[in-house]
Structure formats: C-alpha cells, structure tokens
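From first to last, the protein sequence lines are chains A and B. For the first sequence, the residue numbers in this note's numbering are 1 to 290. For the second sequence, the residue numbers in this note's numbering are 291 to 536.
Among the clues, some could well be false.
As the list claims (entries may be wrong) - Restraint ranges, calculated between C-beta atoms of paired labels, are given here:
{"#": "1", "chain 1": "B", "residue 1": "Tyr461", "chain 2": "A", "residue 2": "Gly18", "range": "22 to 28 Å"}
{"#": "2", "chain 1": "A", "residue 1": "Gly18", "chain 2": "B", "residue 2": "Met291", "range": "18 to 24 Å"}
{"#": "3", "chain 1": "B", "residue 1": "Glu453", "chain 2": "A", "residue 2": "Gly18", "range": "17 to 23 Å"}
{"#": "4", "chain 1": "A", "residue 1": "Leu31", "chain 2": "B", "residue 2": "Met291", "range": "22 to 28 Å"}
{"#": "5", "chain 1": "A", "residue 1": "Lys8", "chain 2": "B", "residue 2": "Tyr452", "range": "32 to 38 Å"}
{"#": "6", "chain 1": "B", "residue 1": "Asp454", "chain 2": "A", "residue 2": "Ser12", "range": "16 to 22 Å"}
{"#": "7", "chain 1": "A", "residue 1": "Val24", "chain 2": "B", "residue 2": "Ile297", "range": "40 to 46 Å"}
{"#": "8", "chain 1": "A", "residue 1": "Asp223", "chain 2": "B", "residue 2": "Lys533", "range": "23 to 29 Å"}
{"#": "9", "chain 1": "A", "residue 1": "Asp182", "chain 2": "B", "residue 2": "Tyr461", "range": "49 to 55 Å"}
{"#": "10", "chain 1": "A", "residue 1": "Ser138", "chain 2": "B", "residue 2": "Lys533", "range": "28 to 34 Å"}
{"#": "11", "chain 1": "B", "residue 1": "Glu453", "chain 2": "A", "residue 2": "Lys8", "range": "33 to 39 Å"}
Since the hints were made in silico from the structure, they are not lab data. Glycine included, each C-beta is placed from N, C-alpha and C at the ideal position.
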Amino acid sequence: MLRLEGVKKLFSYKNAQGGKAAKVAVDDISLEIKDGEIFGLLGPNGAGKTTIIRMLTMLAKPSAGNIYYGQLNIRDDSQKIKELIGVVPQHINFDQDLTVGENMHLHGRLHHMPEKERVKCIGEMLEFVELSGRINDSVRALSGGMKRRLLIVRALMHKPSILFLDEPTVALDPQVRRRIWDLIRKMHRSGVTVVLTTHYIEEAENLCDRVAIINSGKLIALDTPKALQEKIGSYAVEWDNEKAEREFKIFRSKEAAKDFADGLVQQNVLRRRSNLEDVFVELTGRKVNG
Amino acid sequence: MMLYDIITAFWRDWVVLKHRMIKFILSRMVAPILYLVAFGWGLGKSINAGGGSYLDFLVPGILALNSMNIAFNSLSPLHGERVYHKSIEEYFTAPINPLSFAIGKILAAILRGMISSAIIIVLARIFGADFSITPLFLLVLALNSAIFAEIGFYAAMTIDSYEDMGRFNTYILMPMSFLCGTFFSPDKLPLVFYYFIHVLPLTHTSLLLREISRGAVPSMVSFGVLLLYMAGCFLLCARVTKKAQE
Chain A
1 MLRLEGVKKL FSYKNAQGGK AAKVAVDDIS LEIKDGEIFG LLGPNGAGKT TIIRMLTMLA
61 KPSAGNIYYG QLNIRDDSQK IKELIGVVPQ HINFDQDLTV GENMHLHGRL HHMPEKERVK
121 CIGEMLEFVE LSGRINDSVR ALSGGMKRRL LIVRALMHKP SILFLDEPTV ALDPQVRRRI
181 WDLIRKMHRS GVTVVLTTHY IEEAENLCDR VAIINSGKLI ALDTPKALQE KIGSYAVEWD
241 NEKAEREFKI FRSKEAAKDF ADGLVQQNVL RRRSNLEDVF VELTGRKVNG
Chain B
291 MMLYDIITAF WRDWVVLKHR MIKFILSRMV APILYLVAFG WGLGKSINAG GGSYLDFLVP
351 GILALNSMNI AFNSLSPLHG ERVYHKSIEE YFTAPINPLS FAIGKILAAI LRGMISSAII
411 IVLARIFGAD FSITPLFLLV LALNSAIFAE IGFYAAMTID SYEDMGRFNT YILMPMSFLC
471 GTFFSPDKLP LVFYYFIHVL PLTHTSLLLR EISRGAVPSM VSFGVLLLYM AGCFLLCARV
531 TKKAQE
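With the hints as constraints, model all of the structure from the sequences given.
What follows is the structure, encoded as structure tokens:
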C-alpha cells in the first residue's frame with residue numbers, strides 16, 4: 001500500500017513585485033493507494049499532479065509530510081523503493097544519442113538486470129508494443145505514439161510492482177490513446193498497481209478504479225468515478241443560454257431531470273448521465289480542460 | 291554494486307563515443323594542427339624559447355589546453371540532457387547511488403580527454419616536436435581532464451540555459467587557454483597577473499607537463515594544487531548531484 005501523509009510542496013518564485021515568494025504546489029495531501037488498483041490523479045493543468053508524481057518517484061522532495069510504500073518511507077529507503085517502482089514521465093525522456101535498444105539496455109543496466117535476462121526482456125517488450133523492427137533505430141526516428149509505447153515498456157522492464165504514468169496519452173490521437181489504455185489494462189491484469197495522472201476525463205472514467213480530484217494543489221474529492229457521479233447526482237441537463245454558452249444542471253432522479261428539461265425554452269437541450277467532468281465542475285467551478 | 295553503476299554511466303558515454311569515433315578523431319585534429327602550424331612552424335621560428343625549439347615548448351601547453359577543453363565540453367551536452375530532454379531523470383529514478391552517475395560521466399570525459407591528447411602527441415611527433423612521455427606525464431593529463439570534467443559536470447548540472455553554458459566557455463575556458471602558461475611562460479606576466487594565473491589549475495598542468503617533457507623534476511606544489519582542485523571540484527559535483535533530486 002502507498003500512503004501519503006500531509007504531503008506538502010513549496011516552490012520559491014519571483015512575484016509580480018520582483019520579490020521572493022513561496023508557491024504552494026501541493027497542499028497537505030493525505031491519501032492511500034491500495035495494491036493492485038488503477039488510481040487516477042485528475043485535475044486541470046497546473047493542479048499539482050505532476051509534482052505529486054515527482055515526489056512519489058523521488059524526483060522531488062516533499063517540503064513537509066511523508067510518503068510510505070508499505071513499511072518503507074521515501075526519506076530513509078529511497079533505493080529500496082526505486083527497485084519497486086516504474087516511471088513513465090510526461091516528458092519523453094529517452095537518451096537522444098542512443099538507439100531504441102540501447103535506451104532499453106541502459107534502463108536494464110540501471111536496474112541491475114543481468115545481460116541474458118536483459119536481452120530476452122528487451123526482445124519480448126519490443127514485440128509486445130510492435131517495435132521489434134526498430135531496435136537499432138534512433139529514438140528520434142519514432143513517432144509520438146511509438147515513443148509513448150516504448151516509454152511504458154521501458155518502465156516495465158525491471159518488473160515493477162507500482163507503475164507511475166504521468167499524462168500517458170497526452171497529445172496522442174484516439175487510436176493510439178486506446179492502444180495505450182489496452183496496454184495499461186494488460187499491466188494491471190498482470191498484478192501491477194498503476195498510478196496515473198490525467199486531465200482527460202474519459203481516461204479517468206475508462207481506466208481508474210478510484211480517482212483523486214486535485215485542484216490548486218489540494219485534494220478535493222476521492223472515490224470511484226461512479227460514486228463521485230452519484231454523490232452529485234446521476235442525471236444532467238445541458239442547454240445553451242442567451243450568450244450561446246453551454247450550461248448544465250445535475251439532478252438526483254431521472255424524473256426531476258426530465259421535468260426540468262421539459263420546462264426549458266432555450267436551444268439545444270440535452271438530457272444525459274452525469275460524468276466526471278460534471279463532478280469536477282460542480283466541485284471546483286471550472287472546466288478540467290479549460 | 292556502485293562499481294557496476296559507475297560502469298553503466300561510463301558505458302552510455304562510451305556507446306555514444308563509439309557511434310561517433312571517426313568524427314570525434316577527425317574533429318579533434320583540426321585545432322591542434324592549426325596551433326602547430328601557426329605557432330609551431332609559423333610564429334615559432336622567430337621565438338626564442340630558451341634553448342629548445344618553440345614547438346617543443348608549445349606541445350605541453352597545447353596538450354594542457356586541449357585536455358581541458360575536451361574534458362569540459364564532453365560533459366556540456368549533459369546540460370541539454372538535464373534541462374531539455376530530461377533523460378538524466380532515468381538515472382535518478384533508478385536504484386543507484388547518484389554519485390556513481392557523476393563518477394561514470396567524469397571517467398568518460400577523462401577518456402575523451404586522453405584520446406584527444408594521444409591524437410595531439412602523434413601529430414606533434416609528425417610535426418617534429420621532441421618531448422618525452424612518461425607515466426607521470428599521462429597522470430598529469432588525466433588529472434587535468436578530471437578537474438575540467440568535474441567543472442563541466444558542475445556547470446551542466448547548475449546552469450539553466452545554453453547561452454550561459456556558452457558564456458562559461460567564453461569567460462573562463464578561453465582566457466585560461468591563452469594565459470595559463472600554454473603559449474608563453476607566465477613568468478613574463480606582471481606580478482599581479484602572475485599570482486592570479488598561478489591560482490588556476492591549468493597553469494600548474496602546463497608547468498608540470500613542460501617540466502616532465504624536458505626530463506626535469508616536477509614541482510610537488512603543482513601536483514598538490516591539481517589534487518586539491520580535483521578533490522574540491524568532486525565535492526561540488528557530489529553536492530550538486532544530491533541537490534538535483536530535491
């Protein structure tokens with residue numbers, strides 16, 4: 001089990017007056033991630049999701065609070081924890097001077113995999129993501145989707161028990177995005193705990209067992225996508241207002257939603273099930289992708 | 291296990307060097323040939339170097355400045371790996387002692403410094419220079435490469451823009467290339483400059499290489515200065531590597 005206790009991260013920055021100030025990127029977050037679940041950190045750009053992942057993967061130190069992996073904590077047991085985790089960063093961070101195969105070998109070496117096991121594993125992993133023929137190509141020659149797939153299998157090479165994916169499908173077309181989702185589900189089925197950040201609502205809905213909604217560094221909700229929707233009401237009515245802006249209202253019952261929709265005189269009235277985006281807007285008053 | 295991790299960091303740079311070995315060797319020949327032709331054959335004929343030829347005087351200086359430049363610049367791409375590609379995060383999320391990353395990188399830069407020094411030694415012999423190479427001579431070259439590899443590592447891990455990396459070359463390496471006993475003896479400088487120049491490590495490398503190449507007894511003070519620089523710069527590298535993960 002992965003546990004965050006009162007985790008806080010402050011960054012110093014220059015304010016509008018030119019003086020030094022501290023920005024709270026992550027504000028007192030406590031939560032638990034169970035073994036074997038797909039856990040999503042959902043929030044708009046700049047909410048603090050990546051900072052949380054960087055602290056979980058020991059690329060940044062919390063300013064306060066603690067992070068535990070079972071009995072291990074990141075302050076004293078970082079080497080042991082690093083053996084347990086795999087990291088797929090948001091930024092495609094391959095070594096640009098190495099080939100596909102050399103990047104994989106570098107990862108295997110850094111995780112102390114014996115050469116024989118490394119060679120076998122690289123062959124299997126590249127086949128898994130249909131990149132076997134590109135083993136001697138420069139990573140620069142791969143398309144965006146291929147790079148993302150390669151990033152994921154590289155992180156899996158040393159068989160981590162927890163995989164962190166920071167915006168795994170950002171800027172990918174729908175087909176590639178669905179292939180990556182399939183890949184994440186396959187890993188999950190093989191027993192890997194998955195922690196991912198996303199600002200795509202449908203990604204969280206499709207993949208995650210539980211979702212933590214983060215806004216301005218704070219944890220504002222945590223539950224299964226379904227439970228979060230039920231908390232605010234399962235039915236929504238949308239319509240265009242006088243300024244041609246889209247508005248919506250959430251209802252607990254289908255009948256209440258129908259009555260409300262029937263009474264509307266505005267254009268483009270739509271009744272539908274509520275979704276995570278509605279949850280987010282209800283809780284924060286802002287659009288996730290806005 | 292730390293040794294294995296050092297070898298891994300070294301292996302990465304060795305693979306990159308192997309990809310570009312021919313290009314590396316050819317490009318390393320250009321500047322030394324220009325120095326040897328311009329200062330050795332051309333200008334050197336009219337310079338009195340106190341006994342031997344100016345070419346013999348010049349070669350240790352070229353070796354010193356070349357090993358400095360190569361070792362430093364071998365690690366300047368690390369800046370791009372840290373700031374733009376972020377590929378060094380792969381090392382920091384792996385279960386290795388981050389110090390082994392620094393040591394492996396520095397050793398790879400020393401290797402590059404030594405390969406380019408070997409190229410200059412061969413070229414200088416072809417140009418007719420007369421100097422002796424001893425294990426001590428090679429040790430001084432390795433020490434000099436280590437110091438500037440460490441400085442390169444520190445700069446790449448702390449400087450935030452390509453422009454500032456370039457400025458480091460302009461304001462620090464270039465003046466040292468010309469002033470630290472490479473092309474002329476620092477004894478000829480005004481007293482204030484003389485003392486200032488003697489604080490810098492490259493001066494001691496030039497002096498040591500010249501003494502050893504002439505068969506004279508090398509200065510232990512100069513050795514001490516180089517060792518001190520190497521240890522001090524390594525501590526800075528260790529500190530900055532640790533800080534990179536905060």
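*Which of the listed hints are broken here?*
Per hint list: 2, 4, 8 violated.
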